[in-house]
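Let the hints inform the model, and build the full structure from the sequences given.
Each chain, written out:
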Amino acid sequence: MFERCFIFPGLKSLGYESGMSMPCPVTRARRIDLQISRYHEGAVAAQARLEIPPDCLQFRTWQSNWNCDLKACGPLDIFVARIVARGTDEEPPGLGELEAQMLFRHSFGWTSSLLTGFVPLRPPGYKFASIIHTGHYFADRSAYSSSTIFTNVRSPADGPAAGRFSVTVQSRDGTQLGQIERQIVANSALVVALDDVLDECGVGKATPHEGFNLTFVGGRSQFSIMTVFQRRDNGAIGLEHSLAPLYYIPQLRDAAVRSRVYGRIGSKA
Amino acid sequence: MNFRGRPVSHLPARGFIAAAHWCDRAATSVRKRFPEWFGLPVLGPYVQLYRHDATFDTEVSFFNYLSTFVPGIEHHIDYRVGCLDRHGRKLGSGVVSVGPGASAQVPLRQIVARELDAYGLFHVIARPRSNDVKFVASIGETTGQFMTLFTPVGPAMAAPQIVHSHKAFQHIPIFWSPITRSPHVSEDVSQLQELEFYVLNPQALRLTFGLTVRDCSSAAVLLQRVVQVPGHGVGVLHLDQPTLSKLTGPVCFDYDFDRQVSHRKPILFRRYPDGVVTCNHT
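Here the protein sequences line up with chains A and B, keeping their order. The numbers in our numbering rise by one with no breaks, and the one at position 152 of the first sequence is 352. The numbers in our numbering rise by one with no breaks, and the one at position 126 of the second sequence is 785.
No lab work stands behind these hints: they were computed from the structure. Please note: incorrect hints may appear among the correct ones.
A few chain A residues that face chain B, going by a derived Cβ cut-off under 10 Å, partial list only [claimed, not checked]: (1) Asp255; (2) Ala339; (3) Ala343.
Quick reminder that beta carbons are idealized off the backbone N, C-alpha and C, glycines included.
See below:
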């Protein structure tokens with residue numbers, strides 16, 4: 201059966217508790233649960249099954265509601281939520297397009313959120329295409345940190361390694377400043393902090409560049425990508441999900457166009 | 660009365676939208692066939708909110724997406740930006756050019772070289788040029804996506820807030836064709852000092868927008884507000900602390916639009932008592 205899940209990272213390292221909110225009308229006339237798994241270092245460390253009230257408009261829950269205290273989590277833990285029919289371990293049919301809101305709450309009460317779609321949960325052995333993402337928006341480095349967070353999910357039967365990213369750093373004018381690699385652990389989060397990447401590339405904080413492009417290519421998993429800015433003085437954040445290549449080239453839905461584009465990327469990578 | 664599952668009253672609006680899409684498709688076909696003469700086919704322009712007030716200023720970030728997704732060819736992209744005030748009046752326009760592999764993050768007021776209104780909308784369309792236009796045209800229309808950053812100013816204790824854009828700026832008027840959207844979001848308003856909804860009207864006629872706030876558990880209606888938004892303008896609904904204090908528990912929303920505009924995702928700003936502000940599209 202085709203299954204979907206909603207994946208979101210723990211942001212413990214930024215001082216935030218995670219949660220999610222999803223619409224309930226899809227669940228009307230059915231008894232449905234929300235199953236949330238916490239993955240620690242790629243393996244399921246905890247699981248909870250929450251009953252969705254049949255008549256609510258929106259079901260909103262925080263990790264403390266599923267017995268997942270922030271202190272018990274690792275910095276790269278992720279959460280994977282699935283909708284399952286009550287009494288079974290199957291996704292009920294006919295749910296249609298699904299999207300949900302990932303929530304992040306600071307201990308001072310500030311909340312940030314992202315509205316995004318469920319992603320497909322691929323069967324073991326599925327061959328994933330490399331992802332391509334360019335981070336071109338950054339905040340003033342003296343006052344804010346900038347990080348790109350890659351959350352991935354795939355079948356644990358495919359092993360713990362989910363490939364690697366090459367991260368190419370360019371200045372605003374396109375001059376290449378360096379390239380590094382990052383290993384990706386399956387069912388985990390990868391936090392790529394701009395400051396760390398620049399240090400590794402030998403581009404010191406004093407280097408007078410007005411900004412950077414970070415282009416990520418690689419990976420063998422289903423990813424959810426977001427960029428987070430965090431104030432260095434009080435910890436407030438701003439975040440947004442990335443835009444998949446389909447947003448830039450809508451005809452990637454066409455297999456012939458997809459093959460032509462990815463063939464060119466592969467030959468130049 | 661319905662026609663093919665749609666209200667008959669929506670036919671003028673839908674017909675007009677379909678005609679506009681037909682014109683776009685025809686232009687795309689011509690551009691795909693003769694990119695050397697008419698330029699590469701692109702979708703857009705796309706629309707987004709700007710703020711230029713006591714809390715936020717606005718920067719826009721562009722990059723050469725063709726260098727990323729179609730490497731090995733030299734591409735240049737001109738991003739054409741137009742800016743309007745809250746009433747939909749044109750303020751100015753400008754161009755941001757990015758060369759091969761390049762990007763640019765520029766304050767909006769610098770792009771249009773004009774003082775901005777406190778808030779309003781702007782629109783962006785990419786005009787790419789390439790050394791191999793036949794290959795780029797063969798992959799169909801591309802879209803110059805951009806990121807909008809609301810950067811805090813003055814005493815605001817926020818981090819820069821980021822929103823993406825992929826809703827079309829509509830040059831055409833959209834006729835009366837009411838639609839209700841229930842966004843898949845909920846909000847806990849218990850700690851908020853203020854909640855603001857910025858409603859973008861991407862088309863040429865005045866839009867009436869209705870906000871209904873409901874209790875997430877019982878679906879009971881807690882609050883209703885209406886705002887009129889001029890064509891190509893922006894309307895704001897402010898819910899202040901005394902209003903929010905009457906709302907209990909997480910709340911959900913219904914949006915009523917009196918015409919089927921392309922942008923049905925108002926931008927929401929939450930303000931906390933200590934000055935932190937967060938934002939996302941709904």
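A quick look at each hint next to the structure:
The beta carbon of aspartate 255 of chain A comes within 7 Å of a beta carbon in chain B, closer than 10 Å, and the hint placing it at the interface holds. Look at alanine 339 of chain A: its Cβ gets to within about 5 Å of chain B, closer than 10 Å, so that hint holds up. At about 9 Å, the closest approach between the beta carbon of alanine 343 of chain A and any beta carbon in chain B falls short of 10 Å, and the interface hint on this residue holds.
Violation of the numbered hints given earlier is absent; every hint is satisfied by the structure.
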